[in-house]
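Protein chains: 2
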Amino acid sequence: MLGAIEAGGTKFVCGIGTKEGEVLDRVSFPTTTPEETMGKVIEYFKDKPIEALGVGSFGPIDPVLGSDTYGYITTTPKPYWTNYNIIGTLKSEFNVPMAFDTDVNGAALGESLWGAAQGVDSCIYITVGTGIGVGAMIGGKLVHGLSHPEMGHIYVRRHPDDPFEGTCPYHGDCLEGLAAGPAIGRRAGVPAGELAKDDPAWEMEAYYLAQALMNYILILSPEKIVMGGGVMKQLQLFPLIHTKLKELLNGYVQHPNLSDEKISSYIVPPGLGDNAGICGALALAQSALQGV
Amino acid sequence: MLGAIEAGGTKFVCGIGTKEGEVLDRVSFPTTTPEETMGKVIEYFKDKPIEALGVGSFGPIDPVLGSDTYGYITTTPKPYWTNYNIIGTLKSEFNVPMAFDTDVNGAALGESLWGAAQGVDSCIYITVGTGIGVGAMIGGKLVHGLSHPEMGHIYVRRHPDDPFEGTCPYHGDCLEGLAAGPAIGRRAGVPAGELAKDDPAWEMEAYYLAQALMNYILILSPEKIVMGGGVMKQLQLFPLIHTKLKELLNGYVQHPNLSDEKISSYIVPPGLGDNAGICGALALAQSALQGV
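Those sequence lines, one after another, are chains A and B. The numbering used here puts the first residue of the first sequence at 442, with every later residue one more than the last. The numbering used here puts the first residue of the second sequence at 442, with every later residue one more than the last.
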C-alpha cells in the first residue's frame, strides 16, 4: 500500500492507494499553518501500513536530491510556509522511502503510468487554474536541473485586443498573469466559470495557451500534452487551442501528431480526471519504492 | 580512434579524434549535393581505422531510434537534401557504431564532456549565427521526444523600438527571425560584424536573447547555459544579457547561479571555442561506442 500527499496551497489531500494507481481512501482539509496541517497529515497516515510516501507539492520547492534544502517548500509567498522542511517533518514520523516533487511533475508521472500519457517516454502536464503550472517528463524522467520547471511564468505575446495589465506579482503579464483563471475573471469582470461557452474570452485564452504550447513543443518536443485544471474544464478550449497552435507553428514542425486528424489525441484532457493530483502523488510514492 | 562529422548547411567538417575529445585531424569542404558531399566524406574516412562515428547535423532531422526515417535529414528547405538518409549512406560504407543528432545537441554533449558544462547533469548549448539553434541535455541525456528541440523558433516579445519585420520564412518575427545574424544585419543596413561594440543594436539583441533564456530557464531549468556561434563572438553581449535576464526574471527563480556574483559563470561562451561543433560530433561518436 502506498501513501500519497497532494500538498496544495489551498487544501491538502492525503490518500492511500495501490501500485496500479487505484485510490482506496482519501481525506482533504484546508491548508492552514504547517503545524496544524502537517499534524493532520501525520494523524492520517499514523496507523496505515504504507510502504512508501509520495508528495506532490505547491512550490517553489527544492526537489534536487543532495541539495541542502532538499525536501523544502522554498520561496513561496504563502504565509508560514516559506522555507518549510516538509520531507524532514515526514521523515521524523515515517520510516519509508519518500519522493518529493512539484504537484505538476507528479501529475505528469501519474498520467504517464495510468492516464492519458501511457506508452510515451516524454510528456507534459499543464494545469490552468488559479495559477498555471507545468510538469515535464523527458526520456522517462521528471525534469529537474537548477531546480524544477516554472513554465507558467514564460512571457507570451499580448493579444492585440487585450489591454489587461496581468495579475502576476512578479511579472505582471506573463502567461500566468494573462491566462490563469483569476486573469480571465478580472478581465471579464465576472468569474471565468460564468462566461458563455462562445464568449470571445475563450478565443483570447486559446491564443495565449497555444503560444505557450508552441514554446513547450519547440523546447521540449513532448510526445503527449495533457491539459487539466479548472479552466480546462471549458472543453471548448481544446479545438480553439488546436487551431491557434497550427496557425502559430505554420508547418514548421512536421509530425503526424500535429495533423488535423491527430492533434486532438496529442493535446488532451487528463486521463485521470480530478484524480490527476492524488494519483500523481501515488506515482511519486511508487517511484520512491522502486528507488528511481 | 573516433570519427566525427559536423554536417552543416554551408560546409561539412570531418575529423578524427580521441576519446578525450582531442581532434587529431580535420578537413572541411562546402556542402553541395548529397552525392558529391557524401562522396568526399566517405573518401576521407575510407582508410581511417575509426571505432565509431558521430554525426552532428543541420536539420530538421529524425534522431528518434526506431522511427522509419531515423537517420534522415527531413524537411530541410536546402536543395537536394530533403529526406536524405545520411546515416543509411554511411552505414552502407562503414560497419561501426554511429550516433546521429542535431549539431547543437552534439555541441551540448561535447561541452558537457570536455568544455564549459563539465560536471553538470543538464545544460543547453545555444548557437547564434546565421540561424539560432539550441541543443539540450537533461538528466544526462540529450533531449528527444516527438522529434528534437527547435528552440530558435520560439516567439519573443518585440522590442518597443523595433519595427523590423523579421527574416524567418516560417514565422517572420520569431526569435531567429529577429535575432540571428542576418536579422541584425538587415535591420542595421550593414553586416552585424561591422557594428560598433556600443551600437544600440547590441542592447536590442540582448533583450531578445535574454527573453529566450528566460523561457529556456523556466521550461528546462538547465544547470549551465553555453552560448556560441558567430554573433556571440561579440563578447559585450554577455553582460548585457545577464542584466536583461535578471530584470525579466525579477527575482522569481531564486538560485545562487542567477546572483550578480555567479551569473557570469552560469551563462558562458563555449569551453571548446570554435571546436564545439566537431567535438560535439566526436562526443556523439563516443556515445555510440558506449551504446548510450
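It is possible that part of the hints are untrue.
The list makes no distinction among identical chains, and a pair is therefore deemed to hold if it is satisfied within one copy or across any two copies.
Result set (DSS-like, lysine-lysine): computed pairs, CA atoms no more than 30 angstroms apart in a straight line [to be verified]:
(1) 674 to 489
(2) 481 to 687
(3) 452 to 703
(4) 532 to 452
(5) 460 to 685
(6) 452 to 674
Calculated directly from the structure, the hints in this document are not laboratory data.
The hints, checked one at a time:
1. In this assembly of identical chains, the alpha carbons of residue 674 and residue 489 never lie at most 30 angstroms apart, being 34 angstroms within a copy and 61 angstroms across copies at closest.
2. Within a single copy, residue 481 and residue 687 get their C-alpha atoms no closer than 47 angstroms, and across copies no closer than 40 angstroms, so neither meets the 30 angstroms cut-off.
3. Neither within a single protomer nor between protomers do residue 452 and residue 703 lie at most 30 angstroms apart by alpha-carbon distance, with minima of 36 angstroms and 37 angstroms respectively.
4. In this assembly of identical chains, the alpha carbons of residue 532 and residue 452 lie at most 30 angstroms apart only when taken from the same copy (21 angstroms versus 57 angstroms across copies).
5. When the C-alpha separation of residue 460 and residue 685 is checked against a cutoff of 30 angstroms, the pair qualifies neither within a copy, at 39 angstroms, nor between copies, at 47 angstroms.
6. Taking identical chains as interchangeable, the C-alpha atoms of residue 452 and residue 674 lie at most 30 angstroms apart only when both belong to the same chain, with a minimum of 20 angstroms there against 51 angstroms between chains.
The earlier numbered hints that this structure contradicts are 1, 2, 3, 5.
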